[in-house]
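> Given only the sequences and the hints, what does the whole structure look like? Please build it.
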Amino acid sequence: GSFVCALPAGRGGPAGPGRTEESEEQLQRPRPAAPHTGHPGAGNSVAHRQTVELPALSPTMQTGTIARWEKKEGDKISEGELIAEVETDKATVGFEMMDECYLAKILVPEGTRDVSVGSVICITVDSPDLIAAFKDVTLDSAKAAGAAPSPAASAPPPPSSPAAPSPAAPGSSYPPHMKVALPALSPTMTMGTVQRWEKKVGEKLSEGDLLAEIETDKATIGFEVQEEGYLAKILVSEGTRDVPLGAPLCIIVEKESDIGAFKDYVETGMGDVSAQPPAPPPVTAPAPSAAPAAAAAPAAPRKGRVFASPLAKKLAAEKGIDLAQVSGSGPDGRVTRKDIESFVPPKVAPVTAPAPSAAPAAPAGTFTDIPISNIRKVIAQRLMQSKQTIPHYYLSVDVNMDRVLELRQELNENIKLSVNDFIIKASALACLKVPECNSSWMDTVIRQNHVVDVSVAVSTANGLITPIVFNAHVKGLAAITSDVATLAAKAREGKLQPHEFQGGTFTISNLGMFGIKNFSAIINPPQACILAVGGSEKRLMPADNDKGFDVSNMMSVTLSCDHRVVDGAVGAQWLAEFRKLLEKPVTMLL
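In terms of my numbering, the sequence shown has 116 at position 115, counting the first letter as 1, and numbering is strictly consecutive.
It is possible that some hints are incorrect.
Cross-link-like lysine-lysine pairs, in silico, DSS-like; alpha carbons within 27 Å at most [claimed, not checked]:
hint	residue 1	residue 2
1	LYS320	LYS476
2	LYS491	LYS417
3	LYS72	LYS144
4	LYS201	LYS144
These are calculated hints, taken from the structure and not from any lab test. Note that the structure is a prediction, hence the values are computed from the model and not measured.
Structural data, given as structure tokens:
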């Protein structure tokens with residue numbers, strides 16, 4: 002077998018950090034045999050290939066520089082040994098091998114800059130007899146082949162009997178069926194999590210039935226059946242995370258009698274997605290139990306720098322192991338993954354004499370690891386993008402809400418309205434008056450929108466989402482309150498459809514119900530503005546006749562603006578229109 006070293010874009014798969022296995026279909030595909038070349042095993046077909054990849058060494062890494070090769074062609078590489086040093090955008094990091102192998106060919110020389118993540122940089126083999134076969138391999142030939150060629154790639158394959166088809170491979174022996182693949186349920190979706198199957202194998206499916214719930218990068222969305230049939234096989238089990246787009250999820254057949262034919266079917270065309278275990282539930286490290294009054298000191302840790310592989314360091318941190326206490330079995334005493342997995346903490350010697358009691362030490366290393374959902378990942382990415390690329394500035398005003406509260410009390414005799422409904426309506430009408438604030442930065446143009454679709458921030462168990470009140474500028478208060486109630490309920494149940502939260506021209510985030518006086522919100526790109534709404538409070542204000550004081554309900558709001566689109570005076574003009582509408586709310590009914 003051979004390995005191809007590359008700079009990858011993603012994390013390691015089940016084969017270990019930085020490796021991606023070929024699909025079973027590729028492994029089972031017959032490979033050309035070659036005549037014997039004099040080297041043991043040189044004429045054998047490659048039964049299993051792996052692509053050795055360097056995991057993303059920083060969140061922003063796109064290219065790297067091969068600073069130095071630590072091994073020469075022909076050298077043996079042991080587990081945990083450094084093969085090269087790669088300079089990323091953050092630091093120079095050692096690139097180590099996880100398995101024993103031999104360096105057959107270096108394809109990217111030392112000092113090569115801006116090597117793209119995922120590029121092939123070298124070839125390794127598992128036997129020294131195979132090294133000579135890769136002597137003349139070049140980077141171009143490796144790219145053309147898509148992987149390291151077998152030693153006799155140029156030799157014509159001898160005639161052989163046809164291989165027996167794999168029982169898992171689809172073929173003519175299977176009845177007519179349809180594979181349902183994971184679709185893109187949002188514009189930025191690249192993978193999804195199968196939260197729950199709504200149907201069981203054998204059940205009849207009608208057009209429009211809910212088949213499964215898929216967690217995307219935006220929300221948990223119901224995945225509906227488009228055609229009638231019967232669910233014959235589920236290929237991806239519940240809880241499977243990071244299922245790539247296009248991966249087969251299940252098989253549907255037309256006839257109920259065909260279900261049994263797929264009982265033992267195994268998908269091999271796109272890798273074994275269902276083999277990925279579901280994300281483990283949050284586990285809280287138990288607090289240490291009461292220790293004896295005194296204990297013997299553990300074995301003296303090693304002094305000086307401790308050399309350990311990155312994987313060993315990661316495992317040690319997860320298990321709370323002090324690397325200084327681990328004896329390394331790698332080169333020059335380097336601590337490897339096996340050393341961490343087989344490490345047994347030193348036993349505590351029994352107490353032989355009473356010791357004075359001491360205050361119990363605070364439990365160390367107690368924490369809870371909460372898996373990051375796809376929704377939380379995208380929230381983090383978008384907020385980081387917004388704060389790093391959009392020049393925010395903030396404008397705040399106080400709004401007298403007395404008349405809104407009076408009008409609301411009158412209208413509530415017929416329909417239940419919230420203060421937020423008035424805020425949505427006032428925001429929409431202010432956007433019509435000052436359309437610059439209802440615009441989007443589109444890199445080459447500023448798009449000024451002619452309708453006002455107000456995104457309303459809603460907090461859910463999975464994170465923040467912004468369902469949209471469409472055409473808020475032409476809707477009445479009754480229609481707005483109905484839309485908000487329906488959208489908020491669907492958001493908290495994870496049943497929003499993509500068109501209900503994608504888009505929007507202006508956003509409102511209201512934390513007043515939590516007692517927040519004022520705050521500054523982060524702009525929701527590509528929108529140009531977001532309004533942060535605080536709670537109302539009673540304040541002593543000068544009376545209208547300038548004689549004495551009145552107690553008024555005042556609300557603080559802060560408008561966050563994209564300075565590329567909205568200048569300061571324009572943002573101030575929008576707030577003036579917004580305040581005018583709320584302080585004379587009857588004008589919103591005209």
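> The structure should be examined with respect to each hint, and the outcome stated for every one.
Cross-check of the supplied hints:
With a C-alpha separation of about 57 Å, the suggested pair LYS320 and LYS476 falls outside the 27 Å cut-off, and the hint is violated. At roughly 19 Å between alpha-carbon atoms, LYS491 and LYS417 fall within 27 Å of each other, so this suggested pair holds. Among the hinted pairs, LYS72 with LYS144 is consistent with the structure: their alpha-carbon atoms are about 22 Å apart, no more than 27 Å. Restraint check for LYS201 and LYS144: not satisfied, since their Cα atoms lie roughly 44 Å apart, outside the 27 Å limit.
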